Each structure stands twice: as C-alpha cells, then as structure tokens.
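Novice: Sequence:
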Amino acid sequence: MSKPSVRTGSILIKIERPSLLIGLALVALVILAVPLPAFSQSCALCYTQAASSGARTIQALKSGILILIVPPTLASVGMIFIGYRKRNQVRRDSSGGPDQDW
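Just so it is clear: in the sequence shown, position 76 is 258 by this note's numbering, and no numbers are missing.
Among the clues, some could well be false.
[Unchecked claim] Quick list of the computed label-pair ranges, beta carbon to beta carbon: (1) Arg238 x Arg267: 35 to 45 Å; (2) Ile251 x Gln231: 19 to 29 Å; (3) Ala207 x Gly246: 34 to 44 Å; (4) Leu203 x Ala237: 49 to 59 Å; (5) Thr230 x Lys268: 41 to 51 Å.
Keep in mind the hints are simulated off the structure, nothing from the lab. No experiment lies behind these values; they were computed from the predicted model shown. Beta carbons: idealized from backbone N, C-alpha and C, even for Gly.
Construct the entire structure; sequences and hints are all you get.
Specialist: Written out as structure tokens, the structure is:
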C-alpha cells in the first residue's frame, strides 16, 4: 500500500503522517471558527479595580498570576520530557506471550 501524496503544481509531496495533517487542519479550523471578540474578553470590574489600586496590590496580582501559571507549565513540560525519554521502555516485544519473564 503506497503512502498518500499531494500534487501541488509540479511538486509531489508525500505525506508521511496523515493523522498529523488532519490534526493541523482541525486546529486551524477551530482557530478560524472562534469569533475574534472572544479573544479580547476580560472582566471590566477586575480591570477597574486593578487600575485604581495601589502599587502593592498590583504587585500582588502579578505574583498571583505567576503562581497560577508557572507551576502547571513546568509540570507539563516535565511530563512531556519524561514521556519522551521513557518512550522506548514501554514498547513490548511482539513475540511476548503469557509466559513472558518480567
């Protein structure tokens, strides 16, 4: 069975991973389908309160934002790194049966 290919002009492009192409197309479709005003939504009350508060409150808000964003981001990057490093340890031998010695 041959791999899918796409002809663009005189260039023939072989698609190695059709699922990746489908995934990228779906992400692009979702981004284009979301209305532009949805990206600029914010709480007017929160903005007004932050703008009228003092320097200590603004610093506290900045610290709170960092505390809420940085740890989950680092944890996600760490899990991706560990998964990438351990990816070959999970694969099983195709000849393994119920009497396989662990």
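Novice: Now tell me if each hint is right for this structure.
Specialist: Hints versus structure:
The beta-carbon spacing between Arg238 and Arg267, approximately 43 Å, falls within the hinted interval of 35 to 45 Å. Evaluation of the 19 to 29 Å hint for Ile251 and Gln231 yields a pass: the beta carbon distance comes to about 20 Å. Between Ala207 and Gly246 the CB atoms are about 38 Å apart, so this pair conforms to the stated range of 34 to 44 Å. For the pair Leu203 and Ala237, the beta carbons lie near 50 Å from each other, so the given range of 49 to 59 Å is met.
The beta-carbon spacing between Thr230 and Lys268, approximately 49 Å, falls within the hinted interval of 41 to 51 Å.
Violated hints for the displayed structure: none, as all numbered hints are satisfied.
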